[in-house]
Amino acid sequence: MHLPIQHVFLKLAAIIQPWAAGLCILCFLFGLPIALLFSPPDYQQGDTVRIMYIHVPAAWMGLFCYGVMAAGSASYLIWRHPVANMVAKASAPIGAMFTALCLLTGMLWGEPMWGTPWVWDARLTSMLVLFFLYLGYMALGDAFDSPEQGDKAAAILALVGSVNLPIIKFSVDWWNSLHQPSIFSMAGVSVDTAMLPPLFLMVGAFQLYYVVVVLMRVRAQVLTAKIRAARLMRAA
Amino acid sequence: MNTFFILVGRDLRLSVRHRADTVMVAGFFAITVILFPFGIGPEPGVLERVGAGILWVTALLASLLSLDHLFSDDEQDGALDLLLTSPAAPTVVVAAKIIAHWLTTGLPLTLLAPVLGITLQMPSSSAAPMMTALLIGTPTLSLIGAVGAALTLGARRRGILMPLVVLPLYIPILIFGVGAIDTTGMGFDAGGLFAVLGGFLLIAAALCPWAAAAALKIASE
Amino acid sequence: MNTFFILVGRDLRLSVRHRADTVMVAGFFAITVILFPFGIGPEPGVLERVGAGILWVTALLASLLSLDHLFSDDEQDGALDLLLTSPAAPTVVVAAKIIAHWLTTGLPLTLLAPVLGITLQMPSSSAAPMMTALLIGTPTLSLIGAVGAALTLGARRRGILMPLVVLPLYIPILIFGVGAIDTTGMGFDAGGLFAVLGGFLLIAAALCPWAAAAALKIASE
Amino acid sequence: MLGFGMVRAMSDQTQSPVTLGVRDLSARRGGRTIFEGLSFELQNSQSMAVVGPNGSGKSTLLRILAGLLRSETGTIQIDPDDRGAICFAGHRDGLKGALTVHENLRFWANLYGAAEPAVEHAVGRMALETVLDMPADMLSAGWRRRAGLARLALGTASIWILDEPYTALDTENVARIDTLLSTHVESGGIALLATHQAPGFTPTQRIDMADYRAKVPEGPEMDW
Amino acid sequence: MLGFGMVRAMSDQTQSPVTLGVRDLSARRGGRTIFEGLSFELQNSQSMAVVGPNGSGKSTLLRILAGLLRSETGTIQIDPDDRGAICFAGHRDGLKGALTVHENLRFWANLYGAAEPAVEHAVGRMALETVLDMPADMLSAGWRRRAGLARLALGTASIWILDEPYTALDTENVARIDTLLSTHVESGGIALLATHQAPGFTPTQRIDMADYRAKVPEGPEMDW
Ligand code: HEM
Ligand SMILES: Nc1ncnc2c1ncn2[C@@H]1O[C@H](COP(=O)(O)OP(=O)(O)OP(=O)(O)O)[C@@H](O)[C@H]1O
Ligand SMILES: Nc1ncnc2c1ncn2[C@@H]1O[C@H](COP(=O)(O)OP(=O)(O)OP(=O)(O)O)[C@@H](O)[C@H]1O
Ligand SMILES: [Mg+2]
Ligand SMILES: [Mg+2]
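Protein chains in written order, with my numbering: chain G, 1 to 236; chain W, 1 to 221; chain Z, 1 to 221; chain S, 1 to 224; chain L, 1 to 224.
This is chain G alone, in the form it adopts within the complex:
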């Protein structure tokens, strides 16, 4: 039924993927050394500030992936768009990974900065909640005897869970948190401008990595679906 769309998708993916992969590698090649070696140390934090170049992009990607997942789920539920669901499903593990990376680097950073790896602070907890939501999405999708049922249930959960995104975003403003407030705000940029190029390189690298992996995973799903359809046709 939806084969044309999937076909278009496969074609597009085949074009985009190598470019994205190449760019991603370039970003990492330039970004990592600059971030970890050549960028200036912070006047307060010293070299530990370099964790930021992993932590912040990971945090943003954690949020971004959930956004994609929620949008994909919505269009799957509303327009029954199978590719949208595949994108949502493919984003979940990547998002969970970035979220975990953010949590881990945050804990590593917290040890020297706050004297403790973990506090039950709103920003930290809502991020942990995001991680659980990812887990819940994946677990729920797998928990049904019929795959469609799981897909739909998980899609509903993704939508309902998206209320968590603003909570994460604004948690530092709503509660007096240990955590840094946003770098970018109405008032302008609050870090040394020398830190921005490596930060953006890393953000770009992570983003491109996401694009590459999502395309790979969706392609795999499309092909699996094709194979299954073919098997059923042959069996019939």
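Hints listed in this document are in silico derivations from the structure and should not be mistaken for laboratory results.
Source: prediction; values computed, not measured.
Glycine is no exception: its CB is placed at the ideal position from the N, C-alpha and C atoms.
Simulated pairs of lysine to any residue, SDA-like, Cα-Cα distance not exceeding 20 Å: (1) Z/Lys217 with L/Thr73; (2) Z/Lys217 with L/Thr75; (3) W/Lys217 with S/Glu72; (4) Z/Lys217 with L/Asp81; (5) S/Lys215 with S/Gly52; (6) L/Lys215 with L/Pro53.
Beyond 10 Å from chain W on every Cβ pair, some chain G residues (computed): (7) Ala20; (8) Leu23; (9) His81; (10) Pro82; (11) Pro117.
Got chain G; can you put chains W, Z, S and L with the ligands on it based on the hints?
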């Protein structure tokens, strides 16, 4: 609307008459209030400090555990099929069940809160903010929980899925709920926190019955 | 004896595979550990002070709530009738269910206790007494709870009856269990308290399976 | 008598049209197509027996028609198209054991918008007078079934969809259900029933699910 | 064939004696005497149909004989008197929906002490091969019933007590159960079955519960 009251009435009757876990809630609170001073020891400073937290956590657990049966009892004996094929719209069925659930879990807790507060040695001035916070917050628990219960209805390993799905969404309510009580207790104005709780309730009321009804239709397949 | 392991195996398999509340226990603990610091606030002194209490109360609640389904699932689908008419003696059936219940509630909690302790900011020296106390205490919870579950099986308003029947018997274990952890934590010898917990376990193990089997026969009528 | 036909007759004198038609229906469950290419149409006063061996998809078909499952392909046309036009009775009777028979029945009556006399009428039709105040879980299997089916006799639905209604009933009560069915059909209603027993009244149509079996192998091939 | 008779025959060559007798039985439920003065005796290779209208006490009688209920008065004599001599199958089949058919069956086989070949034999007798790896709650009503009754075919029990075994089964499977029953009885076993359908094999005895109805008024008088 009439249909709605018929459905609420039935669920209430069942939870009074039945061997239902919903009635357990009053017992559950009593237990908590008996057990915690035992477990924590009678030192007044400590108990008082954690009172609001204990109340809210209890509310969350009670809600979570009783929700497990919100739809599954009716599913087991076939009544859910009949309800979904009846003249009542699925959203109305879900909304009625949510209200009935709140009336048998959230409301008793809210009403008992002052008593529980005294037993947990909280200052009597905290009674009003406590009741207000619970009154606004507990319906949201029922609403969100119903979505979780419906989503996991046909699922395998449901026992572990329910908390995984529902709790992340409960945590904000817990934070604001406790915050509202404690802030008032410290003599500050907690209007903003109550407003946020109210906002959650409005959002949940607007979304959850539909989400749960949609999930229920999926589960019944 | 062989029969016994077959029955335990089945219940374990069900609780892993099934939509069962028993598996919920791991989730339940995780929740508790996440929720309480939230509810109580992150101040280290307070949390540390109430850690043992929270762990034990969690154990009690988890035990109580999962016991609700110890026999009723099998009763609902007719399996209990078949078990009672099978070659397995009712006492063996009950004993197997109790062991399976402990393996899925008490044991995970005991094993998780050190981790939970850290999260609740308890000193790492408390890990050993905590685990010992839970290891001796939690089987007693399952044993006593099984009697309660069997007694209330056919009863109306079962949800409210279970806690009423079981909790008074749980409280001594709570008191001694928390006492044992806290006493060791303060650097004293808690041998006597552990011995009392052990004594409870022996008495419960000697009496409860028979009592529960007798109650079950009555309930099946 | 206050059956569906009566109510209709009172309201608009002429028999309102009732239709249940499906065209080219197929159903999928557990990753396997259960049946395909099924079409039929029922009009006022028509009834259909759905037969077929175990697992051939009778219950699946009835649940699809009742709106509880989605079909894989095909169209379903139901008229009147309002909720409550269909009364479904499945394998499980949905009685609440803690409530009395009367309470159970009254709940459904309220929900279906039937008046108190309709409840009394239904009680009479199913001869439930003696057990009205018994909690439903004290009933024997057959009585329970009968109490469950009393919902039909409330007379609000024009299309009855029954999945093995005769289960656990003795001959007297089988006849009672048969009478109920034939009165309903005679007064303009539609009835579908899946059964392994030959009903005592003669349905106007009959569909054998074995004829619509999907042409895929059963068993290990399914991909759930 | 590896039925009960076979096992016995292998073990002691001669047919071991099996008896199920009751004398002057009466039963009380919900504060009301259901039946009274019931006596009968079954020996090797005898079988009995328990008939009677809904609510007459068939299930109650069978549950008493299976040891699940206590009788009010009367004596019951069962031989061999060990646990496991009786295999009971009630209205509900006790299958665990989360386990596959095979897992369900193997559990009962282990519990009854039947060996692996007995499981295979039972699977063959009930033709369950294609659904062995399906979770039981994915089965249709009739398949589920069949999977539940496969327990009988394990061949360990000498006395079968069946409450409406034919429910939800199509003709082919009704015949399957009939064959199972007659093989069991022929090889020296005893079978009791409550049913509203005439079984395809002829039980040697027949008891109508209506004949033993207690002489107290039915209905509102009950004092539960
Ligand atoms: C486990 C602990 C931590 C977690 C879960 C966490 C989580 C997050 C999240 C979710 C963001 C993205 C916020 C947004 O986009 O608005 C973020 C950004 C950031 N985090 Fe953390 N963090 C943790 C620890 C830390 C620590 C210890 C530091 C440094 C002292 C830190 C510094 C920052 C900075 C500077 C940003 C960028 C702020 C922005 O632009 O929003 N984080 N973190
Ligand atoms: N919940 C389910 N999930 C997956 N497959 C199912 C489910 N229920 C039934 N099936 C499959 O669908 C098929 C048709 O089942 P259905 O219940 O419609 O049969 P039926 O004709 O009603 O049989 P019976 O006479 O035994 O009641 C069966 O092969 C069964 O395996
Ligand atoms: N749990 C119970 N508590 C009290 N009374 C009961 C209970 N179960 C059954 N009874 C009563 O016992 C009587 C006999 O019930 P039983 O189930 O033995 O009948 P039955 O002959 O099997 O009927 P059916 O053909 O409907 O299955 C009924 O009148 C019923 O009201
Ligand atoms: Mg069926
Ligand atoms: Mg019966």
